[in-house]
Amino acid sequence: MLRTFLCVYRCGGVAKAAGLLGLSQPAVSRHLKALEGITGRSLFDRLGRGVAPTQAGALLAAQIATHLDALEGAIDALAPPSATAPVLLGAPSDLLAVHVLPKLTPLLARGVDVHCRIGLSPELAQTLLHDELDLIVVTKIEQAPTKQLHLRHLCEEEFVLVGRAGEAPYAPENDTRRFIGYSPAMPMARRYFRTCWGIQPPAPALTVADLRTVVAAVAAGIGLSVVPRYLAQEALDVGRLSVLHTPVTPVGNSIYLATRRGREHLPQIRAAFELLCQTA
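Each residue of the sequence shown is one higher than the last, beginning at 1129 in our numbering.
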């Protein structure tokens, strides 16, 4: 019953929990009803779509989650590792290409299959907490739910404000040049502008959900952008891009590899952590 309750709590719906647990929806509903009978409290409010925890439900989840995860992890760790059990990994496309895929060869050589999903940190974190992924790459700027995650440092990235080669330096007080972002929120630019000038960045004129394409658009003269230096460095080296502002202290971000707390001791996940983080 407690495992069923926690799954419903994490995924926010009876139907989705039933699918994850391999149970029927009536069975999941019976488990919840029985647990509510034991506790004498309503644990969820039924919404038009899905459910939301009551105060009692949230408190119960906080009290049992760590213990249930630890028990499941201990049991799984005792099972013999399967060479055919895949690792399901999610990451933004640029981080996957630069910081993850080059390190996966030894894991694949051991006979472990790896299946990757492209996405941004908030979406991937929720998918991980619903047990649809084993590992994700997350960033602090995306407000990931770190209390529910086991995190290991993967790398650091530096942000640079770039424009096409030959562009004038950027001056926020009177500059009207338009920006390109990989999302309307532009979290990298938001952090850069807040750190350097204490203001919000201009709204993007163009958004492209791929940072390498953003770099290409900047090099084509479409606009300016704030991007990780490792993605811009090649274009900077060959003179296609210019850094338009140099902060007193570099502005950057910490990147982490994460799994749901309590699952870090599973053999395949532990092996992936050690391999990907050993040279971070």
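It is possible that some hints are incorrect.
Unchecked claim - Once the Cα atoms are required to be at most 25 Å apart in a straight line, the calculated DMTMM-like pairs of lysine to aspartate or glutamate come out as: (1) Lys1231 x Asp1197; (2) Lys1275 x Glu1392; (3) Lys1231 x Glu1362; (4) Lys1275 x Asp1303; (5) Lys1231 x Glu1392; (6) Lys1231 x Asp1338; (7) Lys1275 x Asp1197; (8) Lys1144 x Glu1251; (9) Lys1144 x Glu1260.
Said to hold, decoys possible - Label pairs and their calculated CB-CB ranges: (10) Arg1306 x Tyr1358: 16 to 26 Å; (11) Gly1176 x Arg1357: 18 to 28 Å; (12) Pro1214 x Ser1170: 34 to 44 Å; (13) Ile1246 x Thr1167: 15 to 25 Å; (14) Thr1377 x Met1129: 24 to 34 Å; (15) Val1371 x Arg1306: 16 to 26 Å; (16) Thr1377 x Ala1143: 16 to 26 Å; (17) Thr1233 x Asp1365: 52 to 62 Å; (18) Pro1214 x Arg1357: 26 to 36 Å; (19) Ala1313 x Thr1167: 34 to 44 Å; (20) Pro1250 x Gln1153: 21 to 31 Å; (21) Ala1333 x Arg1169: 28 to 38 Å; (22) Arg1357 x Ile1246: 34 to 44 Å; (23) Thr1194 x Pro1214: 56 to 66 Å.
These aren't lab readings, by the way, just hints derived from the structure by calculation. All residues carry an ideal CB built from backbone N, CA and C; glycine is no exception.
Verification of the hints:
no. : hint                          : verdict
1   : Lys1231 x Asp1197             : violated (28 Å)
2   : Lys1275 x Glu1392             : holds (14 Å)
3   : Lys1231 x Glu1362             : holds (21 Å)
4   : Lys1275 x Asp1303             : violated (40 Å)
5   : Lys1231 x Glu1392             : holds (19 Å)
6   : Lys1231 x Asp1338             : holds (21 Å)
7   : Lys1275 x Asp1197             : holds (13 Å)
8   : Lys1144 x Glu1251             : holds (16 Å)
9   : Lys1144 x Glu1260             : holds (11 Å)
10  : Arg1306 x Tyr1358: 16 to 26 Å : holds (24 Å)
11  : Gly1176 x Arg1357: 18 to 28 Å : violated (46 Å)
12  : Pro1214 x Ser1170: 34 to 44 Å : holds (39 Å)
13  : Ile1246 x Thr1167: 15 to 25 Å : violated (41 Å)
14  : Thr1377 x Met1129: 24 to 34 Å : violated (52 Å)
15  : Val1371 x Arg1306: 16 to 26 Å : holds (18 Å)
16  : Thr1377 x Ala1143: 16 to 26 Å : violated (49 Å)
17  : Thr1233 x Asp1365: 52 to 62 Å : violated (27 Å)
18  : Pro1214 x Arg1357: 26 to 36 Å : holds (33 Å)
19  : Ala1313 x Thr1167: 34 to 44 Å : holds (39 Å)
20  : Pro1250 x Gln1153: 21 to 31 Å : holds (27 Å)
21  : Ala1333 x Arg1169: 28 to 38 Å : violated (52 Å)
22  : Arg1357 x Ile1246: 34 to 44 Å : violated (22 Å)
23  : Thr1194 x Pro1214: 56 to 66 Å : violated (26 Å)
Of the hints listed earlier, those the structure fails to meet are numbers 1, 4, 11, 13, 14, 16, 17, 21, 22, 23, in rising order.
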